[in-house]
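Colleague: What follows is each chain in one-letter form.
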Amino acid sequence: MTAALSMSGISKAFPGVRALDNVDFDCLPGEVHAICGENGAGKSTLMKILGGSYRPDAGTIQLAGTTVHFTHPRQAAEAGISIIHQELSLLPHRTVAENIFMGREIARRGLLDKAAMRRKAAQLLGRIGAEIDPQALVSSLSIAMQQLVEIAKALLLDARIIVMDEPTAALDERGSRTLLTLVQNLRREGVSIVYISHRMPEVMAIADRITILKDGKKVWTRPRDAAPVGEIVRAMVGRDLDDFYPAPPSSPPGAALLAVQDGTNAAVQDVAFTVRAGEIVGVAGLEDSGKGALAQALVGDAPFSSGTITLRGKPVTLRAPRQATAAGIGYLPGDRKREGLALHQSVRDNALLTLRSMAGLLARPQGGAFASNVIDGKLREMDVRAADFGQEIGTLSGGNQQKAIIVRWLAQASDILVFVEPTRGIDIAAKAAIYETMRSFADSGRGIVVVSSDMPELIGVADRILVMHRGRISGELPRGASEEDIMHLALGLADQPHREVHA
Amino acid sequence: QDFNDPAEFKKQREQLSMKPQGPEGQPWAQHLGDGMVDTAKYKKDGQVTICFSNAGVFNPWRVVGLNNLNAEAELHKDRLKELIVVDAEGKDDKQISDIEALVSGGKCDALIVSPNTTAALTPAVEAACGKLPVIVFDRGVNTQCPVTYIHPVGGYGFGITSGEFIASKLQKGANVLALRIMPGVDVLETRYSAAKNIFDEAGIKVVGSEFTGSDRAKTKSIVEDYINRGEKIDAVWMDAGDTATAALEAFEDAGLPYPVISGEDQQDFLRKWQSEKLTAIGPSYPTYQWRTAIIAALDVLDGKQVPGPEWVLPQPAITEDVLAKYVDERMPPLHYSLCGCQELPGYPERWGGKK
Amino acid sequence: MTTVPLPSSRRAAGIALNAGLVIFVVLYAAIALLQPNYLEPGLFMNFLRRAAPLLILACGQLYVILTGGFDLSMGAVATLVVLAASILINGDPDATWAVIGTLYVMGIAVGLVNGLVVAFLKVPSIITTLGTMLLVNGLALAWSGGAARGDLPDNFRNLGRLVWRGVPVIGTLPLAVVVIAGFVALAWWGLNGTVYGKRALAVGDNPRAAELAGTPVAVTRILAFVVSAVSAVTAGILLGGFSGVSVNAGEGLELQAIAACVIGGAQLLGGRGSIWSAVFGALSLFALFTLLNILGLPQALRDSIQGLILIAAVGASMWRSRKRN
Amino acid sequence: MTTDAAKPGPARSGLPISILLAGLSIGFFVVVALATGEVSQLSGQGIVGLLQRMVALGLVSIGQTFVILVGSIDLSVAALISAVAVLASHIMQGDPAMILPAILICLGLCLAVGLVNGALVAYGGINPLIATLGTGLIIQGVLAASFGVLQGAVAREFQVIAYGGLLGVPYSLLLLAVLSLAAGFVLDRTLFGARIYAVGGNPDGARLAGIRTERVTLSAHVVASLFAGASGLYLAARLQSGTPWIGRDGIYDLESIAVTVIGGTILAGGKGGVAGTLAGVLLFASLDAGFNMLGVDAFLKQVLRGAIVIAAVAVHAIRTKEHVA
Ligand SMILES: Nc1ncnc2c1ncn2[C@@H]1O[C@H](COP(=O)(O)OP(=O)(O)OP(=O)(O)O)[C@@H](O)[C@H]1O
Ligand SMILES: Nc1ncnc2c1ncn2[C@@H]1O[C@H](COP(=O)(O)OP(=O)(O)OP(=O)(O)O)[C@@H](O)[C@H]1O
Ligand SMILES: [Mg+2]
Ligand SMILES: [Mg+2]
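Chains as they are written, first to last, in the numbering used here: chain A, 4 to 506; chain B, 4 to 358; chain C, 85 to 409; chain D, 370 to 694.
None of these hints come from the bench; they were simulated from the model. Please note: incorrect hints may appear among the correct ones.
Cross-link-like lysine-lysine pairs, in silico, DSS-like; alpha carbons within 30 Å at most [claimed, not checked]:
1. D:Lys670 / B:Lys134
2. B:Lys357 / D:Lys670
3. B:Lys84 / D:Lys670
4. C:Lys206 / D:Lys670
5. D:Lys670 / B:Lys80
6. B:Lys199 / B:Lys280
7. B:Lys46 / B:Lys84
8. C:Lys206 / A:Lys340
9. D:Lys670 / B:Lys358
10. B:Lys110 / D:Lys670
11. A:Lys340 / D:Lys690
Interface residues of chain D toward chain A, partial, derived using beta-carbon atoms under 8 Å [to be verified]:
12. Arg558
13. Ala567
14. Gly570
15. Ala575
16. Ala578
Bear in mind that the values here come from a model prediction, so they are computed numbers and not experimental data. From the three backbone atoms N, C-alpha and C, an ideal C-beta is built for every residue, glycine too.
Okay, chain A solo, but in the shape it has when bound (with noise of 0.2 Å):
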């Protein structure tokens, strides 16, 4: 059989950086391919020579036996290939139907048929098993939502090869067993798929073989029984990891930190719970549950209209991120790129962001705590990488990313930290570091809500485990939790006897 795809030494150099080394690639007709590799490994750019929008430097792209030279995405999506970006590329204001179709209008002599578009919008979001209004306007919908409407989008093409750039990072439980069906249904009509994805159960459950990058080499590709999850692991890291979750607590937790009485806002209601010292609580739900509003009633982003919030005893009003901050929560928001990084400066003046709005304005920028070779030390000692702490923090991985920003807050000696999807596109190794992390922050006596779609993590790592449901907590769950569990209160059936409850 001809192989559907073949990309063959495939090599790409961003400066500074090798991000592509020859790289060989092939996926065949009916065949689900899986790339694993840690951030920065290559996947996303390999894809995105196949899509058209990099060039390679060196290297061949053959589809079906045919040798082909894209130079726009629009190129390769005339040869057959759809891609689900890593990013969203959605228009916010623009309605789901007018999304879906994107570049691929139906039109007749320049002219739109819209309600042809409508109908085939509502079929593909069926197909997807997604309950969305076409004629919905995108900035409405939830991120999960939006993920979905991209999903669609990709499916309009009849592409005979698909790829999924980590098309399950914003998708509750729920959202990515209907995608790995639908990732099934594709396969079985021939369609050669090419999943990226960091949760290793997913790509164990449905990748025929798997290909493993490792700082823009590929290591190996082997079919998927070949490469049990401890190889593969071992391969992107260069190291086993045994212990990746850290243990649990040794004493038990302390007096309460954070308490939260009646909170109510638009999205969330009658919330009750308390975090004490040295406790990790976990918050699950499926999407628009509101763990996401949550977080932000917690942080001041969008305040609870009634109820109290006490830390440490005392009674207090968040308003405003900064209001919160000054009382000692610090946030690590969901989504890294839109709300928590400033690209274009230096990975030191990200992690020092905290420290410097909250002194005085008349602090000397480089003085005291900020002096540069304070911040160094402690972005070494969460082990960031980068070639120079003054580079813009746009070039690191995201994982590296996201530990700078973690920086940030523990610079800031916050009380408690509210963490969301903490680790959402981030790689094994870095996720196991940024565990460990959390541990020690709440051994050390402080507190962390980490609200995350990612059931085993918070399985993981979480002491307790609150789950939502429409707006309320509908449960909650100590350590040793099942997933089962979970899914049993974050489906609302906690009044039924517990049963099935796949989706």
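With chain A held as given, fit chains B, C and D with the ligands onto it using these hints.
Modeller: Just chains B, C and D with the ligands now, with coordinates in the frame of chain A:
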């Protein structure tokens, strides 16, 4: 348009020395030449409403003028029910709409227009002429339909007065720097072409002709640049005097003697002239013509004969001998002395002066 | 991923600095070539004196540009300052200092309005300051009746006019040059000597991220507009001093100030730039004006050349940064 | 991308702004007319006069809407309007036989300017503010320099556009109406329109979706220039002969941007439309007419207009949760 019309040059030169007709000492009510038009058909009894479509108040000359016009209107409270002033902010298009709205509004008994641009306003004025008596002043329109067109002698006259004065003070081969406001405006272009003709004839070299946009800082910088070039500047000729003192300051700052200069009738220039004993002249484009517009409109509605179809006003220049008469310490720096407004109600406060 | 050393941001800033400086040096060399006496310290000082208003405006504009905005109202503020000074002082030298204080208060008020409207009413700064430009200009003209009123005494005029002669080494020293030095030093200190500069860059780069990191975004923006207005007042005082009262003293200066910052390498919409972008950008632009004057080209064509240079300067820096990526 | 909206809402939310704004404008006009006793302004002729005030600004603003929607901006329209008006009168020299050639040459010039603007922005990567400021300066300079030789007047027959009419409705209004409808149709119903919204809303996303974003940006600039050309031709017809200053004096650059934004098109691009823009133009026209009836002093008018621009944008901007700069 031809900005160098020998016939017009000659005509204006003659007008400059012509003896005006009309009441002595009231140049705004005087006129040159004999043409009169009959206006009996416009006669209207009782109180009247006069409408005025103004091009704008985008320079001090027009500000002083508008004050003149308003003050003149106050003199006629008994006859004048209302004076409606509409400002076009320097936009031709808006002025056309303004005129159309005034005419269709039906309130106006007579219309005064100070056109922003000659050609542009012609159709609108033509349309208005059919409905009511129209009086145009300052810039004209390309039609004979207005009852009369009020204006002083004109641009050539201005250039002749200033050019001849400078030529008379300089030797052949001397250098003059010409400072102009901006290109493309007929009344300004003709000032320059007239002066240039005279300089060429007298063998005086125009070392440069620069546009200042009536910006003082720019003017001063330009003159400094000429001084820094090491060029000797014997005289400065200007097509408008707003920036005359700025030009003189450039010489002061460089420690050079003042040049011979032609400015205009603004107070700051006159004061400087007086205190520094300059060799200077202040030709004018008198703002009293704004008074004439109201006078003419009322005369027309009275059915009186008025000078026309062109009402040419005298265009005096301020010279050494009459300088003292025009300096008025109470007035703001850019007040135009030939406003003919000293006797008008509200002088000097209405014009920004101190009591 | 083999990491090759990246150009550090400090080096990147150095490149930006050199861009403005290089353009300035080239243009000034051209001036000197045509008119060698411009190399004398006296004429150079005079050049600086005349460039002073633009240079100061550019420094203020830079603050706003760094935070991602524009300030179109500075020219109008400068005009207001000139007219107001003349009306309020009205020739009385004793009133000068008190009036200057008042002028700064007025300027700060305009800056605050700009900042508050942008930060809280969420009106884009280009529209907000277009509005305040009209508003301030209208107020200034309404107040003065549309023409200059009052008078400026010598002690006020000296701020823009006074030149000390017989100064060692440089020969002459205009007071305006001392004002520039002081203002630039202050502006530099604001961006590099306090944490404000880093906050402004972060806000210009990604306001949402800055907000979530605890940065007082609104205050940072408002301060930028206030600094910009203060620079406009300072420039207005120098303008009034240099050349006296007029109703169009500040006309068009806002766009020149923006152009200066951009020529100097600051990035519109925020996040990149240093005080040297403003300083050397303004000097370059002013050198260009002077050069065109000296060349004696028809005035009109000077506009065209200015347009060409503007596009070329920005195009060149675009091209350089593309090549780097 | 925002996540502020609560429920997946309906798509068409652009309409209310335009209707609200139009309603307010008309209301203002009517109330003022009644209050000042100028009832005749409410007659057919009065209304036509009001609408006629929209034509010149309306035409440029439609074009401006296209570029702003695509995420760019055009500051060169004012200079281009002057250029077209001057060129049209020069070519025609009053000769009706030259009407068609003149129109074609003028539109050719606009096409060229649009292509240059578009190329600088889309392919050169130059910030559109700077690029179009530059081209505007270039055009303005060339125009002023050559005005001496570029004089003339349009043909009488050509002036019919501005002064003739059908059943009491001036042709110029019909022209504006037809072109507005056409522009609205293009934006809403055609491939080109969809691409404009895509490129403005998310340029990277649009590129990844296979859209040749550069071409779309370039085309939008061409559209803007052509509409500026239409405005210039209309002005030439109305004014009989163009001067190099009509565009600048009309402040068509900043005003067209202001009305577009007032009409709800966001400066970042990707949201808005022609209906809102026209409502913004109507607001300006009503203000002009209303202030005339009220006899508002010229300078006060400017103050009010500044405040109204800010307020009109604030009304809908204040609801945005995103940061603006
Ligand atoms: N446009 C670019 N300019 C400069 N460097 C880039 C660019 N795009 C990617 N890189 C660099 O190339 C390397 C590979 O990046 P790539 O995005 O392909 O990684 P990835 O494997 O997809 O990582 P992740 O798992 O975080 O998505 C990284 O070091 C990245 O910083
Ligand atoms: N200000 C608001 N007013 C009304 N509804 C809101 C508001 N903010 C959020 N919501 C709604 O509340 C629900 C909870 O949203 P939230 O972002 O917290 O979900 P989530 O659990 O974080 O989902 P995801 O994992 O996809 O981010 C959503 O339906 C959202 O649309
Ligand atoms: Mg990637
Ligand atoms: Mg959320």
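Colleague: Against this structure, judge whether each hint is valid.
Modeller: Here's how the hints hold up against the structure:
1. D:Lys670 / B:Lys134: 29 Å, holds
2. B:Lys357 / D:Lys670: Measuring from Cα to Cα gives roughly 26 Å; hence the hint holds.
3. B:Lys84 / D:Lys670: It holds: about 24 Å lies between the C-alpha atoms, which stays within 30 Å.
4. C:Lys206 / D:Lys670: 24 Å, holds
5. D:Lys670 / B:Lys80: Distance of about 26 Å is within 30 Å: holds.
6. B:Lys199 / B:Lys280: 26 Å, holds
7. B:Lys46 / B:Lys84: The given pair, whose Cα atoms are some 16 Å apart, holds under the 30 Å limit.
8. C:Lys206 / A:Lys340: 22 Å, holds
9. D:Lys670 / B:Lys358: Distance of about 28 Å is within 30 Å: holds.
10. B:Lys110 / D:Lys670: 22 Å, holds
11. A:Lys340 / D:Lys690: Measuring from Cα to Cα gives roughly 18 Å; hence the hint holds.
12. Arg558: Holds. Min distance 5 Å.
13. Ala567: Holds, because the Cβ-Cβ distance from alanine 567 of chain D to chain A comes to roughly 5 Å (cut-off 8 Å).
14. Gly570: 3 Å, holds
15. Ala575: 7 Å, holds
16. Ala578: Because about 3 Å separates alanine 578 of chain D from the closest Cβ in chain A, which is inside the 8 Å limit, the hint holds.
Hint compliance for this structure: every hint is met.
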